[in-house]
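Visitor: Residues per chain, in single letters:
There are 2 protein chains.
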Amino acid sequence: MILLNLNKKSKTPIFKQILFQLTELIEKGVLKPGDKLPSTRSLANHHQLNRNTVYKAYEELWALGYIESKTGSYSTIRERKNIAEKLASNSENIDWSAKINSKSQKLIESNYKIEKQEKDYIDFTPLSPDPDVIPSEEFRKCINDSLKNSGSDILAYGNPYGYEPLREFISNHMQLHGINVTKDEIIVTSGAQHAIELILKLFIEPGSEVLIESPTYSAIIPLLEYYDVNVLELPMSEHGIDLQILESLLKTHKPKLLYTMPNFHNPTGITTNQAHREKLLEICERYEIPVIEDGFVEEMKYFGKNILPVKSMDKSGLVFYVGTFSKVLFPGIRIGWIASNKYCTDRFAEQIKASAISVNQLNQVALELYCKQGLFEKQLKRIHTLYRKRMYVALKTIRENLTNKNITYTKPAGGYTIWFETMKSNISESDLVEKLKMNGIQVMPGSKAYYSQTDKISFRISIAHRKEDEIEKGLEIITQILNKL
Amino acid sequence: MILLNLNKKSKTPIFKQILFQLTELIEKGVLKPGDKLPSTRSLANHHQLNRNTVYKAYEELWALGYIESKTGSYSTIRERKNIAEKLASNSENIDWSAKINSKSQKLIESNYKIEKQEKDYIDFTPLSPDPDVIPSEEFRKCINDSLKNSGSDILAYGNPYGYEPLREFISNHMQLHGINVTKDEIIVTSGAQHAIELILKLFIEPGSEVLIESPTYSAIIPLLEYYDVNVLELPMSEHGIDLQILESLLKTHKPKLLYTMPNFHNPTGITTNQAHREKLLEICERYEIPVIEDGFVEEMKYFGKNILPVKSMDKSGLVFYVGTFSKVLFPGIRIGWIASNKYCTDRFAEQIKASAISVNQLNQVALELYCKQGLFEKQLKRIHTLYRKRMYVALKTIRENLTNKNITYTKPAGGYTIWFETMKSNISESDLVEKLKMNGIQVMPGSKAYYSQTDKISFRISIAHRKEDEIEKGLEIITQILNKL
Chain D
1 MILLNLNKKS KTPIFKQILF QLTELIEKGV LKPGDKLPST RSLANHHQLN RNTVYKAYEE
61 LWALGYIESK TGSYSTIRER KNIAEKLASN SENIDWSAKI NSKSQKLIES NYKIEKQEKD
121 YIDFTPLSPD PDVIPSEEFR KCINDSLKNS GSDILAYGNP YGYEPLREFI SNHMQLHGIN
181 VTKDEIIVTS GAQHAIELIL KLFIEPGSEV LIESPTYSAI IPLLEYYDVN VLELPMSEHG
241 IDLQILESLL KTHKPKLLYT MPNFHNPTGI TTNQAHREKL LEICERYEIP VIEDGFVEEM
301 KYFGKNILPV KSMDKSGLVF YVGTFSKVLF PGIRIGWIAS NKYCTDRFAE QIKASAISVN
361 QLNQVALELY CKQGLFEKQL KRIHTLYRKR MYVALKTIRE NLTNKNITYT KPAGGYTIWF
421 ETMKSNISES DLVEKLKMNG IQVMPGSKAY YSQTDKISFR ISIAHRKEDE IEKGLEIITQ
481 ILNKL
Chain H
1 MILLNLNKKS KTPIFKQILF QLTELIEKGV LKPGDKLPST RSLANHHQLN RNTVYKAYEE
61 LWALGYIESK TGSYSTIRER KNIAEKLASN SENIDWSAKI NSKSQKLIES NYKIEKQEKD
121 YIDFTPLSPD PDVIPSEEFR KCINDSLKNS GSDILAYGNP YGYEPLREFI SNHMQLHGIN
181 VTKDEIIVTS GAQHAIELIL KLFIEPGSEV LIESPTYSAI IPLLEYYDVN VLELPMSEHG
241 IDLQILESLL KTHKPKLLYT MPNFHNPTGI TTNQAHREKL LEICERYEIP VIEDGFVEEM
301 KYFGKNILPV KSMDKSGLVF YVGTFSKVLF PGIRIGWIAS NKYCTDRFAE QIKASAISVN
361 QLNQVALELY CKQGLFEKQL KRIHTLYRKR MYVALKTIRE NLTNKNITYT KPAGGYTIWF
421 ETMKSNISES DLVEKLKMNG IQVMPGSKAY YSQTDKISFR ISIAHRKEDE IEKGLEIITQ
481 ILNKL
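Chains D and H, in that order, are what the protein sequence lines are. End of the first sequence = 485 in the numbering used here, gap-free, step of one. End of the second sequence = 485 in the numbering used here, gap-free, step of one.
Everything labelled a hint here was simulated from the structure, so no lab data went into it. Among the hints, erroneous ones may be present.
One copy or any two copies: either way a pair holds, since identical chains are not told apart in the list.
[What the hints assert, rightly or not] For lysine to aspartate or glutamate, the following EDC-like pairs were computed, each having C-alpha atoms within a straight-line distance of at most 20 Å:
1) K32 <-> E59
2) K378 <-> D132
3) K141 <-> E24
4) K99 <-> E288
5) K36 <-> E59
6) K183 <-> D132
The task is simple: from the sequences and hints, build the whole structure.
Guide: The following block contains the structure:
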C-alpha cells in the first residue's frame, strides 16, 4: 500500500494532496508505467477518507494522463508523453511543399517583394500616405472618445456589413462623386485589397476569365494566381485601355469581371476621360460584364476638374466601386468599402461572416467619428495641396531635364505615380533598375505590373513618401541616367 | 461665333471662365450634340487671348465628356451620359444568382443566422465575453498611449506576419501552455475564424477531404462548404472523438486536415484527457495528417488542473494551434494567431499580404501594450473567477432540477457551453427550440453544429453573456420543459 502524508488541517483540499503526492511519485519514477494503484476503496479505508475524495483525485490523474483506468479493474500508471522541447527544428521532417496546394505555391511566387533600402536611398516605391502627414493626433482623440463613450459595445463583434453610421457616411461621400448609393449598398472591408478579394470570391471559379488592364495594380496579380483565373490583358494606351480590343475579345470570351482604375491608374497615372468611361460602361452593359472600378485615390485630382466615376453612370448596377481610406488617411486601420447593389452586398456580408465574423469594429467607430467632425474633408484638402505641389515639382523636373526622346512618361492629373517607358534601349529593365539603385534611387520595375512577360522597359515612381526637394533631386538623377540610355 | 463674357480682372482664371460658360451653354441646350465649337485659334483671336488658354479649356471640356475632338478638325458637342439617379432599383435587372459562383451560394445557405430576440428573453446563444466584463477602459488607455507615442508609424501598413512584439508576447504566452514556439512560428490573424480560413486556404483544393468532429463549431461549416471540401465526420463520445473510427477512416482516406477542439469543445463543452490527446497525435503523426487545434477558450479551465494542448507534444510540427483574444478579452479588435512552423508561417504571411496587405496594426500595438503591462493576465484571472461561479451555478441548477433520465447533458470543466441531448423524445428539435422560445429562452439548436443531418435532438446553451441569476432562472425553465418531454 502506498503511504501518503495527508494533512486534514491544511488549506489544500485532501484530494489535491493525494493528486500532488501521487503525481510526484510517478514523476520521480517511484511508481512506474504498468504499476497498479490501490483501489479507491482501499486507499480511502487506509486513510479514513470518503471514497469520493480519492475518486476525485484519481479522475484528475486520469485526465492528466498519469493513469489508465478500466471499469472494474485497478488503475495502472501509464507511459506519459513529454512536452516537445523544440518544435521548430523538427518541423523540417515534413515535406510541406508537397502538402500545400498549388494555388498557394503560385501565390508565393507571384507576390512582389519590395526590398528595404538603406536610409539614404531616395525610395520612390511606397504608395501610401507620407507618415509625416498622417493625422494621428486627431484620430487618437476620436478613438479615445469612442472608447470612453461606449467602450464595451465597440469591443464586441461588429456587424458583418460594417458599422452602420460609417456606411451612412460613405454613401453620402459617394454622392459627392456622383454615385447614388444607399448605405445598404455599401459594405465595409479591411481595405481595398480585401474588397477586391471579396468580389473575386463571389464571381470566380477556377478557370474563369477576368479582364485586366496591362500594366495593372501589381498586388492583384497574386490574387488572380491564387484564384486560378484565366487572365485576359487589355493594353493601356495613353487614354486608357483599348476599347476596340475589349470589344473584339468579348466576341469570343465570356469574362466574369473587368478590373479597371479610371483615375490616376496604378502604375501609369493615366486618367480616362468621360467619353472613354461611357463607352467602357456601354460595352460592359451590352455584354453584362461586372466591372470592378478601383477608386483608390479618387479624391486626389490636382489639375483640372474631377471626372465622375464609371459607377456614377451605372444604371444597371454592374459596377463594383472599390474605395479605401488607406491612400488618403492611413492604411493601419485597414478600412475600405465596396459600393455596389443590395443583392451582392448581402453576399459580401456572408463572405465576411464566414472569413472573419466582422471587420474590426473599433476602428470603424473611431473613423466615423473622425469623418463626422469634418476632419476627413479637412485632411483631404491638406494633403491635396501638399501633393499637388509635389506632383507639380515632379513633372516640372522631368520636363526640364529629360532630353532623351526615346523615353515617354505620363503626366498624371492626380494620384501619386508617374510611369516611364522606353521601347528602344540598349539596357534591360533589371539593369536599368539596378543602375538607378547604384545611384541611390529605388523605383518599382514596370514588369511587376504586367501579368504576362513584357518586352517593354518601364518603371514606376511614386511621390507619396517623398518631399519636394527629394523629388527634385531624385528626378534629376533619374533623368540624367535616362538621358544617357 | 459664340460670344463669351470674359472678365480679365476676375480672380477666376480665364480658361476656367471659358470652361464654365461653355459647360453652361451645353447643359442649357443652347449648344446641342453635333454642334461645332469655334476653333481654338478663332476663339482666341476673337477675345484677344493666348491660344493656349482656349486650348486648356477645350481639353477640360473633352476630359469631362462635353466635346469630341479629332486632330485637324473642329470640336463638336457630344451626347453626354447623365448620372444614374437611382441605382438600387435598377440593379434588379441583372440575374445575379446566375452570375455568382456555386460556392458563394452554398456559403449563404450554410451560414447560421441567430435571430435577435426581444429584451426580456434569456438569450443563451452569444459565445463572446459578457460586455459587462470587457476591460474597455484599460484598453482605451493603451490605444491612446500607443497613438500618442508613435501615431503615424502605427497607422501605416503593418507587417504581414503581425506586429513583432505582439508575436513575441504570444510565443511567451504559448510557453505557459507548454507550447515551445518562437515568434517566427507565430502569425497574427484577424481572429480565430480568419486563422482557420488561412489554414484551409493553404492545404485545401476542391474535393479535398477534411476530418471534423461531429458536432463541431457551427461557423466552420460555411467555410468547408465554400472551399468545396469533402467532409469526414468523427462522432464525439463523452471523451472526445472516437479514435477507432479515425484509425479505420485513415485506412481508406487521405484527408488534408483534421480539425479539433480538445478543450471545452464547442458546442459540447467536452475536454479530452491527456491519453486521448497523445493517441490522437500519434495517429495523425503516423498518417502525416496536419491538425488544426482550436484553443479558442484555452485559458478558461475552472475545475481541475489544465491539460496541455496537443501542440505541446507536437515534435513533428504537424499541429496548427489556433488562438484568439476574442473569447477572453474582446472580439471587436479581431486579433487571433496561429502557432505552427516556420515554413507554413511564411506562407500564411503571403496569404495575408495578398488578401489584405496586413492585419490592422493599430489594434495589435495597443494589445501588445495591454499585455505587456500584465493586464491580460489580470483580466484572465478576473473573468476566470466570474465564469467559474457561473458554470458552477449552471451545473448545480441542472443537477438539482433535471429529473428526466432520457436527457443527457455535459459537465464542462471550463469554457462557456453546455450541451443537452436526447435520443428518445416525442418532440422534434425545432419544436423543442420553439417551445423554449415561447417560454422566453433562446438556445442554439444542436443541428446547427452538425455538418450532415442528424437524428439527435440537442441544443447548446452558452453562459457567456448571462449573470448567475439569469442562469439559474433560465435553467429552471429549461429543465422544467425537458422534464415534461
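Visitor: Now look at each hint and say whether the structure bears it out.
Guide: Against the structure, the hints come out as follows:
When the C-alpha separation of K32 and E59 is checked against a cutoff of 20 Å, the pair qualifies only within one copy, where the shortest distance is 18 Å, while the shortest distance between copies is 91 Å. For a Cα distance limit of 20 Å, the shortest separation of K378 from D132 inside one copy, 16 Å, qualifies, whereas the shortest one across copies, 37 Å, does not. Taking the shortest Cα distances, K141 and E24 never come within 20 Å of each other, neither inside one copy (55 Å) nor across copies (44 Å). Taking the closest pair of Cα atoms, K99 and E288 come within 20 Å of each other only across two copies (10 Å); inside a single copy the shortest separation is 39 Å, beyond that limit.
In this homomeric assembly, K36 and E59 come within 20 Å of each other (Cα to Cα) only inside a single copy, at 15 Å, whereas the closest approach across copies is 95 Å. Proximity of K183 and D132 under a CA criterion of 20 Å is satisfied in neither setting, with 33 Å inside one chain copy and 30 Å between copies.
Hint compliance for this structure: hints 3, 6 are not met, and every other hint is.
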